[in-house]
Structure formats: structure tokens, C-alpha cells
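Respectively, the protein sequence lines represent chains A and B.
Going left to right, the first sequence walks through residues 1 to 380 as our numbering numbers them.
Going left to right, the second sequence walks through residues 1 to 402 as our numbering numbers them.
Everything labelled a hint here was simulated from the structure, so no lab data went into it.
Given the structure is predicted, the values throughout are model-derived calculations rather than measurements.
Take these hints with a grain of salt, some might be off.
[Claimed, not checked] DSSO-like cross-link-like pairs, simulated, lysine-lysine; straight-line CA separation at most 27 Å:
id, chain 1, residue 1, chain 2, residue 2
1, B, K321, B, K393
2, B, K393, A, K283
3, A, K323, B, K305
4, B, K393, A, K323
5, B, K131, A, K323
6, A, K331, B, K131
7, A, K297, B, K305
8, A, K283, B, K321
9, B, K203, A, K264
10, A, K297, B, K131
11, B, K274, A, K354
12, B, K274, A, K331
13, B, K279, A, K83
14, B, K274, A, K283
[To be verified] Counterexamples of contact, computed for chain B against chain A with all Cβ distances above 10 Å:
id, residue
15, E4
16, E23
17, I113
18, D117
19, G246
20, E253
21, K274
22, G290
23, A291
24, N392
Glycine included, every Cβ here is placed at the ideal spot set by N, Cα and C.
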Amino acid sequence: MVVSNTSALGIIFPNSYDLLIPELVNVRLMASIPFASRYRLIDFILSSMTHSDIGNVSIMVNNNYHSLMDHLGSGREWDLVRKNGGLHIFPPFAEKASKPYTGRVDALYGILDFIRDQKEKYVVLTDTNIAVNFDFKAMIQAHVDSGADVTIAYNEQEIPKGFLKSGPKDKSFYYTFDVEDGKISKIYVNSKESGVQNLSMNIYVIDKELLIDLIDTASIHGHQYFERDVLLSNINRLNIQGYKYDGYIARITDMKSYFDENMKLLDDYNLDALFSGFPIYTKLHGGDPTRYLEGAKVQDIMAADGCVIEGNVENSILFRGVKIAKGATVKNCILMQGTVVESGASIEYLVTDKNVTISAGKEMKGTDSFPVYIGKFQTV
Amino acid sequence: MAKEMIAMLLAGGQGSRLYALTEKLAKPAVPFGGKYRIIDFPLSNCVNSGIDTVGILTQYQPLVLNEYIGNGQPWDLDRLYGGVHVLPPYQKASGSDWYKGTANAIYQNLSFIERYDPEYVIILSGDQICKQDYSDFLRFHKEKNAEFSVAVMEVPWEEAPRFGLMVADEDDRITEFQEKPKNPKSNLASMGIYIFNWDILKKYLEEDEADPNSENDFGNNIIPNLLKDNRRMYAYHFSGYWKDVGTISSLWEANMEVLDPDNSGIDLFDDDWKIYSRKRTMTGHKVSAGAVIENSMITDGCNIKGEVRHSILFEGVKVEKGAIIEDAVIMGCSVIKAGAVVKHCIIAENVTIGKNAVVGEMPSDGENNVATIGAGITIGDNAKIGPKAMINKNVEEGGEQW
């Protein structure tokens, strides 16, 4: 096997920030949240890895991961069925003393032998709560060129509301940086600072041997959190570089941001920004084109294949196989796969999970600031 | 390990009557119904009927077809033993030959069939739109203890002279075969789908090959020879939707029928008999404010800002503001620019229709012309393409073609 000097191993944490969006992760995890009419959040990171020649990807699933396993299958759609590398899914190891991991250190310690055995020189660590068309190759090259021990991607933005209101119970840490000349000189945990910050995207490039070393040591000391316990406490010893990303980013930190980030894609400019880079792959389903029947009236929508539309739809995102009956009105909604809106029903600012039915004649309204969420398989 | 029945799919035809659409690809690879290609129908029928081994005989412009079939995974035909195999003509120690006829194409691949040692072989045609359960056809073949069966459709008597006709007795046993006769004795048209007992197929193909005067064709040679020898030949009646999409107008018509499943009989939306296809990944389609879509099918990746009525848009088609589309079939990734008027036509893949250009028109009484634009063509701004036009070269700005 040819190993180039920038080859990297990908490790994905699909459960990160689950607790910020409890409604949607009730039946799944962050990585498998449906997004942009036909994708799951993990598709963006995974496709970006494939396009950046990262062909050895491990997914550290922790809980609620059936939907993700179903989505990923063998990894064929992302070209991750490989003799060398490919897709690895690591569920919590069923051992007397083991339980689902609490932090990255735990998780990585559990697969340290596996990591040791891999041929790649670098490791890329990421979460899945962001939809980006990310060039990992460029970031790894920047890491190599700068001679850093660790490189962390960040973007400049205000701290999202979802982060600010998360309490200590959520164990949802987020990080902001002081960056001087490309070097990260300070790391803040859960800062409440207002205004534009250097906000971590939780994408890390690190030399594999160094990672093994750091995790080994941290584990011995009973540390759990990679950023807080490993990077922060070693900030003077390690050369930690920032990698500024200024491309399009959709960051999911709560229900509201989920709603907004979907809706933003109704603007062609945003859609192009997210999708005009590498193609984003997803699980392929059979299914026919969407049919518009007599009486359909639509404007400003994005819809996947397999829908049947006979009613009015405005400013909404429709996933696969959504049915809008005659005389129904849908405005400012996100309707996931298999949602049925029966005749005469009228809905506004709703997020319906998979296979929800809105019965004939029903009226239901959320607001822009509080979209109403309807759980999987519910009938209203 | 022997297979009960394997399929041989004839996909070598040029489809010359589709002109501009088949210049660069074989007829079975012609896109259909929004996200399919014609060959998806026989392939999906095979899988849905429990046939897991299919040989596809290709000859004319096979590149697109080969790439599309790939390892057969979209149809579940990537199998350890069996699966889908593309079979082009090949060089042998004794020389090499193109496929001389339908029978010769199978003859040259007898060794492929031999590897699976099947009891039955079904011969399929790669240019028909039809949902058919081949396992029911096989049940019939076995019940009749037949050596050869052919699927037939009842056609109106006045149209019968256009077809190859099977004359059968009340037990469906075939007594006579008439190829496009002036005075038909039957209205049972052959669909070109046959089940053979493997030993019979092999024997007759070998004998046919030895006959220097033969055209090596199933209809003209093999079937008459079977009849001559008084073989047990039966006609299996099929009554569902079936369309040979060999002409521009029949291809256009079949696409339009997809839009009306309740009346046309072709229901692509039936979960019990799915048609599979190889998909590309594109985002969901988008419809902007001011767009109008009526009675149409829109596929992933489309971006609609104009008016679309009673039309089928394949993946990634862009319709700019003010463009008007009616009764049209528009294949993958074509762009219809602002103000263009596109009616009653077929537009192949990656075509650009310039600003305010006009393509085709709604037919007046008694006419059914379908304007056709070949793949990759650019029609300049303000150009005018008449309803009978068949375009396979770029048309410059303001140009006219009739």
C-alpha cells in the first residue's frame, strides 16, 4: 500500500452535541439528522473526506446509532468499501467494565491499538453537527507546512444561541480561540463573549504518534475531554495552529438553527455555496421523480424525489416521498421523509419527523422563533 | 450449481429511427421517464421475477450502456455467482465476427450460458417499456410442457399486418407464424420475448449457424425451423402495458403516458413492481417564486423559475425565468434559458436552449410532430426550431431549422 506523506486517518464522533437538539436525536444521533431535503448531516463530512483522499474512516458511535448504521451500510455510496481502510464503525465495546464513552479521550483510548496499527501518518478528528464542503487535503497540507503538533479549524462568527443557552448538564463544550500569527495562544471553554469570535469547528489534524501519546497519558490520569484536559492543559508545550475556514458552514446547535439552516438553502446563493464544491454523496434510494398534479401551487421550495404534490406549498423543504393532498396548505415547513399532509390541512412553521400524518382539515401553526416539532410516526 | 433460468438481453440495436437520440448511445441506454433508461425495465423485471443472471448483448455504441450497467449493483445484479454481464462480440482463435443477427448474437455466447447450465433461457429485448413478471411466463411454459414459448399481445386487427403474428389453437399451441402478413390469420403479435428449453435453444442455434443461407434471426429463421419440426410451441398471453419505443413519436408518447398512470396503464409509482435505475447524487429540486408547475414530473437537481406544464424533466434541468415548457421531455442537465418556448418535443441531455428561442409547437389537427434536439447541442438565442426538426448540430443565434 502506498502511503503518501500527507495521508490521514479519519475519526468521526457522530454523537457530539446530541443533547442540544433532544427532539431530533430521540430516535437517532446528530450524524443521522436529515438535512437539506435528502441528506443526513454526516454526508457532508464523509463526502469531504472521500474527496480529500481520506479512505480510512472510523466512526465512534456511542448511542442511538441504528439509524446511522442503516444509512451508512457498507459505505459504498461514499466510495468507502476498500481493501485497505474503508469504513469502520466502532460501537461501545461490550465488556464488563466498559460503558458508552463520555469524552473523546475515552473513545480514542478504546481503539488505541487499532490506531497504532494504521499506516497513515496523520489523524483527522471531527464531529458531525456542521454541514460543510470541506477540503481536508488543504488543511492537512497547512498542518504539514506549519510544522504544527495540532491544527484546529475555526471560523469567525458569533457564538450561536444554542451554545450560549446550553447548561453544564448538556456536557456540550464549545471552544473559542485567541489566534496570533496562525498560532492558537488561548483556548476558551464555553465562553459567553458577544461579538464575532474564532469559533472552533472541532476539526483537528494531529500527528498519529503524538495523538497516541497524548491519549495514553490522559487516560492514565483519568481525563476525559480532549480539548479541555489535553489541549488546553498542554497549550504552552504544544504548537497548536489555527486553520481559518471562510467557506459556507451550516452549524446545528439547536432546533432553531436546524430550522434556519435548512431554510437558508432555499436561497440559490447559499445552496451553491454549500454544494458547488465536491459532490455530496448520500445513501441512494430507488424512487421516482416528484409529481406535480392538477391543483399544485408551489413557490420557493426544495423537494427531493418521490413526492406527490397536489396542494399549496410555499417556502418549505420537502424530503423524499412527502405527499401534499389537494387543498392542503404548507408554509415555512420542513417535512421529513414520508410526511403526509391530507386534504384541507393547513400548517405553518412545522418540522415534521419521518412518516408524520397531518389529518384532513387540521390547522397547526408554530412561529418563526418557535417552529413546532412533530415526532416520528405521529398523527395529528 | 445450475440455474433454473437465465436471461439473455438483446441490446445491440442502433435504434436508427430515434436518429439524433441514438447517435452516441445504443437504444436501450436512451433515458426515459425522468430518471430511468429503457434497459431498466427488462433488468428490473428480471430481478423482480427472481432471475439473477443476465447476459447483455451489446454491439452498437456500447460505452454509455457499459458504464451505466457497471457492476449491476443498482439492480441487485452484483452477485457472486451469476449477476449481470455485458457481452460484446469478441475475437476467437478462428477469427472474429460482429453479431450477424439476434440468433447469432446468442450463438456466439453459448459458452456463457453453458457455465450456468440452466434448464431454461429467456430471450429479452432491450428496447421495450413493459412491466412483466417473467416467472409467470415460466410457470406457463412449464405447465404446457413447452419447448419454446413466446409472449404475445392481442393487437387490433387493422394493425396486425405490422407485426410478427402467432397463429395458435385453443390450447395456445402455435400452429403457424406470419411475419408482417397482408392477410393476417391472427391478431396475436409477438413481443420478441421467448423462453426456450436450453437444450432446444442450443440445438437450433447450432443448426442455424451451420446454414449458410440463414439470416441468423429468431423471427425469420429459428421460429420457422421450430415450427417445421413440429416442436411444442406455445403462445403466452400478456395484457399489460407494452410499448416498443422505437420511434421518436412512440418514445415521446410513452413518456407522456407516464404522467397519466391512471389511464395509460404504465404505473412507475407501484411499490410492488419497482423499476430500478442508477442514480446520481444531486440535491432536491428547487422551485422559485413565480414558477408554475402543472401535471409534471420533476427530478433531483432541477431548478425551476419558469412555467412547466405536462412535461417530464430529468435530473438537473434548469428552467430560467419566463421560459415556457409544455408537453416536453427534457433529459438530464439541459438548460432552458429565459424566455425560451419549448413545446411538444424531446430534448436530449446537456442541451442548451438560448434566450427567447422557440423549439417545436403544439400540433394542429391530425399532426403529431415531435421536434428533437440531440445530446450536447446548443440552440442559439432567438433561434427557431420547427415542429418536424431533428437537430444534431448546433444552431446559431437567430437561426431557423424546420
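Handout entry: Indices of hints not satisfied (ascending)
Key = The structure conflicts with hints 2, 4, 6, 8, 9, 10, 12, 21, 22 and 23, although it agrees with all the remaining ones.
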